[in-house]
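Residue numbering for the sequence shown follows our numbering, starting at 921 and increasing by one per position.
It is worth saying that the hints were derived from the structure and are not from the lab.
Incorrect hints may have been included.
Using C-beta positions, here's what the derived DEER-type ranges look like [as the list claims (entries may be wrong)]: (1) ALA943 / GLY922: 34 to 44 Å; (2) ASP987 / VAL926: 18 to 28 Å; (3) LYS950 / GLY922: 14 to 24 Å.
Every residue, glycine too, gets a C-beta built ideally from N, C-alpha and C.
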Amino acid sequence: MGVPRVYRPGMQVTVKWTARDGAKILYGSKVVEVEPYAEAGSIYAHIFPNDMVRVVVSARYGPGNPDYPIPYPVDPNELKEPQQ
921 MGVPRVYRPG MQVTVKWTAR DGAKILYGSK VVEVEPYAEA GSIYAHIFPN
971 DMVRVVVSAR YGPGNPDYPI PYPVDPNELK EPQQ
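Please take these sequences and the hints and turn them into a complete structure.
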């Protein structure tokens, strides 16, 4: 999957995931907007509690880097929906 070189407002992706709760397998799916980016790069999907999903594009920094768009580690109690 790739993204356009130039960000366009309203771009959406469908993120699907599986998770385990003991022996039970949980499936999730959500359509979310790609957050604005200045330069095309790698696509990262972050799935948080309560099925909150953020999709970011980062050309230079990966998770854990201080300049990455989503701070690490994220305290789930401080999560807010991304501003559009």
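Against the structure, the hints come out as follows:
Look at ALA943 against GLY922: about 37 Å separates their beta carbons, and that is inside 34 to 44 Å. Range check, ASP987 to VAL926: about 21 Å between beta-carbon atoms, so the 18 to 28 Å window is met. Between LYS950 and GLY922 the Cβ separation comes to about 20 Å, which falls inside the hinted range of 14 to 24 Å.
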